[in-house]
Amino acid sequence: MEDSMASTVLTRDDFKLGEPVKWCPGCGAHAVLATIMNVLPETGVRKEDVVFVSGIGCSSRFPYYINTYGFHGLHGRAPAIASGIKAANPNLSVWIVTGDGDSMAIGGNHFIHIIRRNINVNILLFNNKIYGLTKGQYSPTTPKGSITKTSPDGTIENAFKPGELAMGAQGSFYARVVDTDPKMMKEVFAAAAQHQGTSVVEILQNCVIFANQVHNDITGKDVRDDNQIYLKHGEPMIFGKERNRGLRIRNNHLEVVTIGENGVTERDIMIHNALNPDDTAHYMLVRMTLPEFPVAMGVVRAVETTVYESLLYDQIKHAKSTSKIKKVDDLLRSGNVFQIDK
Amino acid sequence: MAKNPKVVELEEVVVKFAGDSGDGMQLTGTQFSDTSAFVGNDLSTFPDYPSEIRAPQGTIAGVSGFQVHIGHREVTTPGDQADVLVAMNPAALKANMKWVKQGATLIIDIDNFDNKHYKKAGYIEDPLHDNSLDGYNVVKAPITNLTRDTIKQYGLDLKIADKTKNQFVAGILYWLFNRDLKIGEDFLKQKFRSKPDLVKANIAVLHAGYNYAETIEVLSTTFHVHPVKDKHGLFRNITGNQATAWGLLAAAEKAGLELFLGSYPITPASEILQELSKLKSLGAITFQAEDEIAGICSSIGASFAGRLAVTSTSGPGLALKSEGIGLAVMTELPIVIVDVQRGGPATGLPTKTEQGDLMQALYGRNGESPCIVMAASSPANCFNFAFKAAKLAVEHMTPVILLSDSYLANGSELWEIPFMKDLEEIHPPFAEDNDPNYYPYLRDPKRLNRFWARPGQPGLRHRVGGLEKADVTGEVSHDPMNHQIMVETREAKVQKVAEFIPDQEIIGDKKGDLLVVGWGGTYGAIFSAVNTIREQGRKVSMAQFNYIKPLPKNTREVLSGFKKILVCELNLGQFASYLRSQLPEFNYAQFNKVQGLPMFISEIKQKIEEVLDSMNSEQ
Chain G
201 MEDSMASTVL
211 TRDDFKLGEP
221 VKWCPGCGAH
231 AVLATIMNVL
241 PETGVRKEDV
251 VFVSGIGCSS
261 RFPYYINTYG
271 FHGLHGRAPA
281 IASGIKAANP
291 NLSVWIVTGD
301 GDSMAIGGNH
311 FIHIIRRNIN
321 VNILLFNNKI
331 YGLTKGQYSP
341 TTPKGSITKT
351 SPDGTIENAF
361 KPGELAMGAQ
371 GSFYARVVDT
381 DPKMMKEVFA
391 AAAQHQGTSV
401 VEILQNCVIF
411 ANQVHNDITG
421 KDVRDDNQIY
431 LKHGEPMIFG
441 KERNRGLRIR
451 NNHLEVVTIG
461 ENGVTERDIM
471 IHNALNPDDT
481 AHYMLVRMTL
491 PEFPVAMGVV
501 RAVETTVYES
511 LLYDQIKHAK
521 STSKIKKVDD
531 LLRSGNVFQI
541 DK
Chain C
490 MAKNPKVVEL
500 EEVVVKFAGD
510 SGDGMQLTGT
520 QFSDTSAFVG
530 NDLSTFPDYP
540 SEIRAPQGTI
550 AGVSGFQVHI
560 GHREVTTPGD
570 QADVLVAMNP
580 AALKANMKWV
590 KQGATLIIDI
600 DNFDNKHYKK
610 AGYIEDPLHD
620 NSLDGYNVVK
630 APITNLTRDT
640 IKQYGLDLKI
650 ADKTKNQFVA
660 GILYWLFNRD
670 LKIGEDFLKQ
680 KFRSKPDLVK
690 ANIAVLHAGY
700 NYAETIEVLS
710 TTFHVHPVKD
720 KHGLFRNITG
730 NQATAWGLLA
740 AAEKAGLELF
750 LGSYPITPAS
760 EILQELSKLK
770 SLGAITFQAE
780 DEIAGICSSI
790 GASFAGRLAV
800 TSTSGPGLAL
810 KSEGIGLAVM
820 TELPIVIVDV
830 QRGGPATGLP
840 TKTEQGDLMQ
850 ALYGRNGESP
860 CIVMAASSPA
870 NCFNFAFKAA
880 KLAVEHMTPV
890 ILLSDSYLAN
900 GSELWEIPFM
910 KDLEEIHPPF
920 AEDNDPNYYP
930 YLRDPKRLNR
940 FWARPGQPGL
950 RHRVGGLEKA
960 DVTGEVSHDP
970 MNHQIMVETR
980 EAKVQKVAEF
990 IPDQEIIGDK
1000 KGDLLVVGWG
1010 GTYGAIFSAV
1020 NTIREQGRKV
1030 SMAQFNYIKP
1040 LPKNTREVLS
1050 GFKKILVCEL
1060 NLGQFASYLR
1070 SQLPEFNYAQ
1080 FNKVQGLPMF
1090 ISEIKQKIEE
1100 VLDSMNSEQ
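Same order as they appear, the protein sequences are chains G and C. Taking our numbering, I'd label the letters of the first sequence as residues 201 to 542. Taking our numbering, I'd label the letters of the second sequence as residues 490 to 1108.
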């Protein structure tokens, strides 16, 4: 289904709402909101065709801060609500805003199933690795051992990597960004909007109150170049302040190498293929963690495959053209009926 | 050649088919029902099957049954007890003897009445030789062996013999009830239209059964049930679940909307999802959700986007949908929740009937969370009440819970097919594109509904959600007085529906000694019981409620015409409690049954007589 084209040129002001934005000062969500308002005018979608759907949590207040159709749903249920919206009207551009508690804990089931169906929506997953709105309990993405209000002795649970779940559910699009890099966010959000199918964008977002600097190892100014790798399709996987470090595969494992050392040249560095239907390399990239590896950013996977609502409407179209039942009156008189005469 | 047996004219007859769950009793039952409908009998059916797909063969737990009640007069229930029982094995006989009339005809497959089967069924004595069947007409037919012989004779695959022995039974019944075999053949041709070998085998066995009955003259009499006198027009036999699905489609067409059903499979509601998934040619979308919660949430999303949205479930699913129903109450979006009730709590009795979800439907949510609650009362009128539920949801912009039950859902009756042009109009309260005066919570004073602005409409961008909203503007609001206003308005909106539903009907006189009150699926049994007692000249009337919240506006007047009120329901008194809270000035006696079984005419009759007798003795 094609999104309808805008007849007039839109700007970020078309999406601004008078409401005061009630996130804490310094919260990473502000930057996401600002970036989305810059991206939407460029998607070519009419402003009345955009719908933001959310669950519960700090990030899920998002629909109240942007001038589109909005649905602030139930905890964890945004993917289910969005599925209904998109199936009902495939022309709409549907965005889901969710957090790590909302999508990985209470809504984990809906998260994997919308991805499995490949419904054409965009999921913005604000991962601050903590429950913010309920004031500081650990979440399914909180690193093991973290001290939180409900883990005074450190968490004893393993943390989810949202990308692994997305891939395990046969996701067609997964990307990761940091809230401190507006340029990266804009490029990746635009790619997510462009992708036909469920796009999952994990945003490493900072909670200034309950998990401040939780992503500092990744986003800190002094470390970010060495600790992030911004993947771009078709380009070699190079990173580092000096742009001299890269990734290659050896014995079925990824390894970090330095160009110019041990005979390594740029030709040995792996080229990122986000379009590869085989997700083996994508899995490896998603799993990379500090300190051995940089953390993968950008579009890790973007594979074109059949979209749920296209198949759905194909079936409806076929049924309408072949079935003898065109109206309810036809239905009521189909099959075994008995004319009983006086 | 056998001499012509005596033909006895019957007003009505109840036939029960019982066998292992693989014996094809549901199919034979449906075939016999359709044939009866074809010749103009009124009818009501009720299948009774175990929750296991193939419970151990030959055991009581594995018995699958199908009861059909056909009549020359109006038939309102599948009948308390059978005049004819087909028992394919000893377990089927043992499980059903208590539901059989004294002196009934028992057709048994003698080939399965051996020590091995007696043991499986738990018989200590051989029931055929311990005098326990004295007084019954027992037809000992070698059904299994004669079916195998027939299949062999026609050179067909012996493997299908055991799948066709139900047709031997059908043949016997066609002879017994003087039915035209051609109707049975047509049924089989339609049923197995893609498998010509099966059609051939089944028809051969059907004839074999008929000829067997005629040749050995299994009974000295055969029966004839005349067509219903004043019944003419186009009819079909329809189950409650099918009627529910079709009623929703009819409402969608009438409203100019397309249907969306978001559901998770659950017994005994799954047929609604299955039926609608076949009807994409009418634009219906079925979304088989990952769980009950996603079922309702996807429906709420579809409603927001402008579809006629429905979710179907049973009691355990309704529990999971509570939060979603609350969201629909808060966002004031139209949605129909169909609850096909079964025995509870928890998993309870998945395939058995009960009316235990009334309180859950009325009150099972956090906060003050009013929605319309209504109930269908016969398999066929599930069509009308599904239609009405959708109409009220859309026009009043509110969730509606429609209660059905396992008995209505799986049972069937003859239904006169309506024309779409004769159904009520449905007018969705759409907001107009670019309406400068649109506010999400601005209301139409007539119904107190807000207006339906759908994504894609220019000039109406707005936000809804589960947080309390300010009156009119729909901004998020934590203002204390605003919350009071909104809570009261949501309740008032639902109460206002009373102005848009019919008055409560009384069957019988408007004044008298006793009013028998029921709701939903107990209609047929109460109706028959009350009618019988009225024929004795006693002052009894009945009121069967289809609208529960709100109650019809003449309810007080209806109840005030009687000295005593008896509320009959398949639970421990949920409707009685509700009436006590709504209309506390009356005294309510109760008749309650929770056995996973429908109400029987005889037990209601007995209870009514008890109440009437105690009233006489008090005087």
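It is worth saying that the hints were derived from the structure and are not from the lab. Treat each hint with caution, since some may be false.
Said to hold, decoys possible - Label pairs and their calculated CB-CB ranges:
1. G/Gly535 / C/Lys608: 16 to 22 Å
2. C/Arg682 / G/Pro477: 27 to 33 Å
3. C/Arg682 / G/Val209: 56 to 62 Å
4. G/Gly535 / C/Glu498: 27 to 33 Å
5. G/Lys520 / C/Pro969: 37 to 43 Å
Just so it is clear, CB atoms sit at the ideal spot from N, CA and C, and this is done for glycine as well.
Tested hints:
Taking the beta carbon of each, G/Gly535 and C/Lys608 are about 43 Å apart, not inside 16 to 22 Å as hinted. The beta-carbon spacing between C/Arg682 and G/Pro477, approximately 41 Å, falls outside the hinted interval of 27 to 33 Å. Separation of C/Arg682 from G/Val209 is about 59 Å and conforms to the stated range, judged on CB atoms against 56 to 62 Å. Evaluation of the 27 to 33 Å hint for G/Gly535 and C/Glu498 yields a pass: the beta carbon distance comes to about 31 Å.
Between G/Lys520 and C/Pro969 the Cβ separation comes to about 52 Å, which falls outside the hinted range of 37 to 43 Å.
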